[in-house]
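Peer 1: Construct the entire structure; sequences and hints are all you get.
2 protein chains.
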Amino acid sequence: MTTEVPAGLRERKKARTRAAIRDAAMRLFTEQGYAATTVEQIAEAAEVSPSTFFRYFPTKEDVVLTDDVDPAVVAAIRAQPPETPVVDAVLAGMRQVFEQLTEEEWAGERRRQRLFDEVPDLRARQLQQTVAAVDLLAGVIAERLGRPADADEARTLAGALVGVTLTFLRPGEAVSFHLEDFDRVRRALISLRDHLAPL
Amino acid sequence: MTTEVPAGLRERKKARTRAAIRDAAMRLFTEQGYAATTVEQIAEAAEVSPSTFFRYFPTKEDVVLTDDVDPAVVAAIRAQPPETPVVDAVLAGMRQVFEQLTEEEWAGERRRQRLFDEVPDLRARQLQQTVAAVDLLAGVIAERLGRPADADEARTLAGALVGVTLTFLRPGEAVSFHLEDFDRVRRALISLRDHLAPL
DNA sequence: CATGTTTTGATAGTAGCTGTCATTTCGGAG
DNA sequence: CTCCGAAATGACAGCTACTATCAAAACATG
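Those protein sequences? They're chains A and B, same order as listed. Per numbering that gives the first Met the number 0: the first sequence = residues 0 to 198. Per numbering that gives the first Met the number 0: the second sequence = residues 0 to 198.
Keep in mind that the hints are not guaranteed to be accurate.
[To be verified] Far from chain A by the CB rule (all over 12 Å, computed), these chain B residues:
1. Ala19
2. Met25
3. Gln31
4. Glu39
5. Asp66
6. Glu108
7. Arg111
8. Glu152
9. Ala153
10. Gly158
11. Ala196
[To be verified] Between beta-carbon pairs, the in silico distance windows are:
12. Ala44(A) to Ala19(B): 40 to 50 Å
13. Glu98(A) to Glu30(B): 48 to 58 Å
14. Arg15(A) to Gly107(B): 43 to 53 Å
15. Arg113(B) to Gln40(A): 30 to 40 Å
16. Leu8(A) to Gly107(B): 52 to 62 Å
These are computed hints drawn from the structure, not numbers from a lab. For glycine and all other residues, C-beta sits at the position ideal for the given N, C-alpha and C.
Peer 2: Written out as structure tokens, the structure is:
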């Protein structure tokens, strides 16, 4: 996402090492599969010691689990004009971020997604991140509604939105997230509203 | 839940062994913590070999992850009169199942929940189960709506309902799920509906 | 009781992850 | 440029979850 070049030589080398490890790992994962790739192999391919690997990534899983889009989405939502209704602001924010992704970033995302679909452990972890995203989202929503951050109202809306989004991000689903998909989400939300009418 | 006594001696012994392992594990977990308890210790406490442990539970995590309530909820929803609106049927189904739990079962649930709150790995796995529950729920909802099982409409509603429910089952929340909590969920859904109105 | 099947235990091995400590690499002060 | 303190690295040892294999024991059935 936002690629800021850090100052010190040390910092830059660290960033390079980190990238080298991740690139090597992703390459090996796609070549031979996740389970079949050992940390030792990754370390060797990245020309570092296994110790160093674990200094950069606490677990083998974490190599795949770097996610910068969620915070970006939150920022984009926050940037929407305050008179926009909450749900529309959320949809617009998501849409903006996804539209700005470069083709290369999309490719990386797709590779990651494929790994998630294949490796149950990774999938479990990703879900955890998703749930964390609910908190983030609930925070922004609460802001917009002028409620305290832990208001039931905000948390419910966030939970429902993420729940619905999850529904469209299932394994096997093409995660393209272009205009047509947003229409689909919108339609889904409308039908949801109608089902809630009898309450 | 439904405790059916199996016929053969072999089956009964297997059930007993399984229970012994789980009981020993849960006891040790609460005594010394999850991470600090090794499979070897559990096996010893249950008077089986480590090999046997892994025959009964594929991973250490699975000892904690036995869930019989989700299917029960689905069955209860299915048992609601067909003229009841979907959302009400779901709420009623959940409520019935939770009301039928014995105090002992509640205690076990609470212990499990505490472990989930403490151990991130377990939490991740539990989430995965939750997502699987969305599928189950979507199935029943589709039935009621007379739609195909993979209809967006059903999946959306299921996703939203589970998402909202998740919101009220967070770490730190008291998972009592009695009448007052159901009112809370209902109110949350009503506010959700109102926020979806502008669409 | 004799048979075949299922369950179990022992053993050995792999790999993820942690901790420690000496060595190297880097940034800044003189 | 040089020296010094701090940070990064690598080598090593160790623990534990998990797998694979195979022989022994427990059970079911005739």
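Peer 1: Now, for every hint given, state plainly whether the structure supports it.
Peer 2: Status of each hint after checking the structure:
Distance check on Ala19(B): its Cβ is at least 28 Å (rounded) from any Cβ of chain A, clearing the 12 Å threshold; non-interface status holds. Once the 12 Å rule is applied to beta carbons, Met25(B) is consistent with being away from chain A; the minimum gap is 21 Å. Listed as a non-interface residue, Gln31(B) keeps its Cβ farther than 12 Å from every Cβ of chain A; the least gap is roughly 23 Å. Its beta-carbon lying about 23 Å from the closest one in chain A, Glu39(B) satisfies the requirement of being farther than 12 Å from that chain.
The beta carbon of Asp66(B) is kept farther than 12 Å from every beta carbon of chain A, the shortest such distance being approximately 15 Å. Consistency note on Glu108(B): stated as away from chain A, and its beta-carbon is indeed over 12 Å from all of that chain's, at 20 Å minimum. Taking the minimum C-beta to C-beta distance to chain A, about 17 Å, the non-interface status of Arg111(B) holds against the 12 Å cut. Against chain A, the non-interface label of Glu152(B) is violated: not every CB pair exceeds 12 Å, the least being about 5 Å.
For Ala153(B), the requirement that its beta carbon stay farther than 12 Å from each beta carbon of chain A is not met, with the minimum near 9 Å. Gly158(B), annotated as away from the interface, has a beta carbon of chain A within 12 Å; the closest lies near 4 Å. At roughly 7 Å from the closest C-beta of chain A, the C-beta of Ala196(B) falls inside 12 Å, breaking its exclusion from the interface. Checked against the hint of 40 to 50 Å, the C-beta distance between Ala44(A) and Ala19(B) comes to roughly 46 Å, which is consistent with it.
Distance hint check: the CB atoms of Glu98(A) and Glu30(B) are about 53 Å apart, consistent with the given range 48 to 58 Å. In this structure the hint that Arg15(A) and Gly107(B) lie 43 to 53 Å apart at CB holds, the actual value being about 51 Å. Separation of Arg113(B) from Gln40(A) is about 39 Å and conforms to the stated range, judged on CB atoms against 30 to 40 Å. In this structure the hint that Leu8(A) and Gly107(B) lie 52 to 62 Å apart at CB holds, the actual value being about 56 Å.
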